[in-house]
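So the sequences go chain by chain: A and B.
Position one of the first sequence corresponds to residue 0 (numbering that gives the first Met the number 0), numbered consecutively onward.
Position one of the second sequence corresponds to residue 0 (numbering that gives the first Met the number 0), numbered consecutively onward.
Derived lysine-lysine pairs resembling DSS-like cross-links, with alpha carbons at most 25 Å apart: (1) Lys179(B) - Lys63(A); (2) Lys124(A) - Lys172(A); (3) Lys4(B) - Lys121(A); (4) Lys232(B) - Lys54(A); (5) Lys4(B) - Lys170(A); (6) Lys172(A) - Lys5(B); (7) Lys85(A) - Lys27(B); (8) Lys85(A) - Lys4(B); (9) Lys4(B) - Lys167(A); (10) Lys54(A) - Lys179(B); (11) Lys236(B) - Lys87(A); (12) Lys5(B) - Lys124(A); (13) Lys28(A) - Lys27(B); (14) Lys236(B) - Lys85(A); (15) Lys167(A) - Lys5(B); (16) Lys159(A) - Lys121(A).
Computed footprint of chain B on chain A; a stretch qualifies when at least three of its residues, placed anywhere within it, have a C-beta under 8 Å from a C-beta of chain B: (17) 8 to 20; (18) 25 to 34; (19) 50 to 59; (20) 115 to 121; (21) 137 to 143.
Label pairs and their calculated CB-CB ranges: (22) Ile254(B) - Asn78(A): 22 to 30 Å; (23) Lys63(A) - Gln8(B): 22 to 30 Å; (24) Gln12(B) - Ser143(A): 15 to 23 Å; (25) Asp64(A) - Ile254(B): 31 to 39 Å; (26) Gly29(A) - Val155(B): 52 to 60 Å; (27) Lys145(A) - Ser237(B): 24 to 32 Å; (28) Gly29(A) - Tyr51(B): 45 to 53 Å; (29) Lys145(A) - Ala55(B): 52 to 60 Å; (30) Gln61(A) - Gln167(B): 29 to 37 Å; (31) Asn166(B) - Glu171(A): 52 to 60 Å; (32) Gly29(A) - Lys179(B): 29 to 37 Å; (33) Leu160(B) - Leu67(A): 43 to 51 Å; (34) Leu176(A) - Gln167(B): 51 to 59 Å; (35) Ser143(A) - Leu63(B): 58 to 66 Å.
If you're looking for bench data, these hints aren't it; they were derived computationally from the structure.
For every residue, glycine included, the Cβ atom is placed at its ideal position computed from N, Cα and C.
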Amino acid sequence: MQHLPKHIVQQAQNGSREAFAQLYQAFSKGMFAICVRMTGNLSEAEDVLHDAFIKAFNQLQQLKDAQLFGGWLRTIVINECIRWAKTKKGIFSLENDATNDWVDETNEEAWWVNIDITLVLKEVKALPDGCREIFNLYVLENMSHKEIAYQLQITEGTSKSQYHRARKLLKEKLTLLNR
Amino acid sequence: MDAFKKYMQEQMQTIEEVDTPSDEVWQKIDANLFQPTTNPSKLLVLKPFVKYFAAACTIVFIALAWVLLSNKSVPETNNSLIAKNELVKQSNNQQQKAKSHTTPKQKQPITEKSVKPTNQTKPGKNQQPKIKQSPSPSYQGEGGIGIINNLENSFVQVINLQRNRINQTPVYAENQQYFKEFIVQLNQLEKEEKILKQQVRQQGITNEVLNGLIDIYQFKLTILKQLQSEIQKTNSKSLQQQSPIQKSKPYFINI
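If we strip away everything but chain A, and leave its shape as in the complex, we get (with noise of 0.2 Å):
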């Protein structure tokens, strides 16, 4: 993640237009690719994109170590995203899809090894909504089915079987692709 000059986000917390800007400009492509990855669409994810920096500025008063601006910022932009996820109502649910093919992670081969991961990452993007935010709150930010569950206000179970369909879809589409 870029690391700004402590001065920037302090001159933007003292309300410097141009400290905005400069904050803008080093951080808005990284966390534009967390919005896309998570909405699955450009428009959306400017909408997301904005909504989170307006946030970020808004509360800038809040944030005591102008050092951690960037992993804020990016708290910020997950939990829009979140919010964002949370207003499609019945995308988690999990009734027309089968549910008992969950990968063995423990016997199951590298797949993916040879792969070239822009191919992967623009498959997460096609991934269907429900499975697309859970994949990549569990595999790129990290989050447990737990947390992803509280977030999202679904059952860790929900998270898991989400995960699980994000995975084989995965494998079914870039093996075909890489053949």
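Based on these hints, arrange chain B on the given structure of chain A.
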């Protein structure tokens, strides 16, 4: 941690993000950022003259509302200045009648420091003439509280009206924590009000106590009004952003 998750996390360190937001995003942020918004954390940071102006407007509004609604005579109006003068006159009359009840210990009026609610500064206060050490009024205890209750009744009607209005307003956005700051401040004012009333019971009523209570009631009204405004603002923003199908379930703040 499963192997795939570990692999993904390792690889994420190496990649460069290709998606960039459009310029419009920053333009919207820039435009929205410097619109004046009510920040709960800056709720009570008002310049003195603005505070006095707001207090004066509140007093005038209350006075007009009371006169128009009740058609009562001047001593019963809600004007806090007139009410205050009447109450002080009453206190002086009763002091003269009840001289024999005073004791040396009770002669000291409540100091400004002990009476003044937190978060308030009144630059003009120090310039007021010191209150003479008058014999303790005979309306300590229940008598003093009776006078305070009369004062409170003048304000409580409007305060309760505003409270009910807020309690009945559905909130479509933000969780209750967002408005917590307002409720914390109201609770703080309630505590300070109780402390002042206790002082009236124990030591009688003085100008400082009276001013302190009036300030508290005025502040309560200001906070309630700002809370109402903030709810309306966040509601309209949320309702604009959400489609009718996606409208989140409203909740009600209970003050």
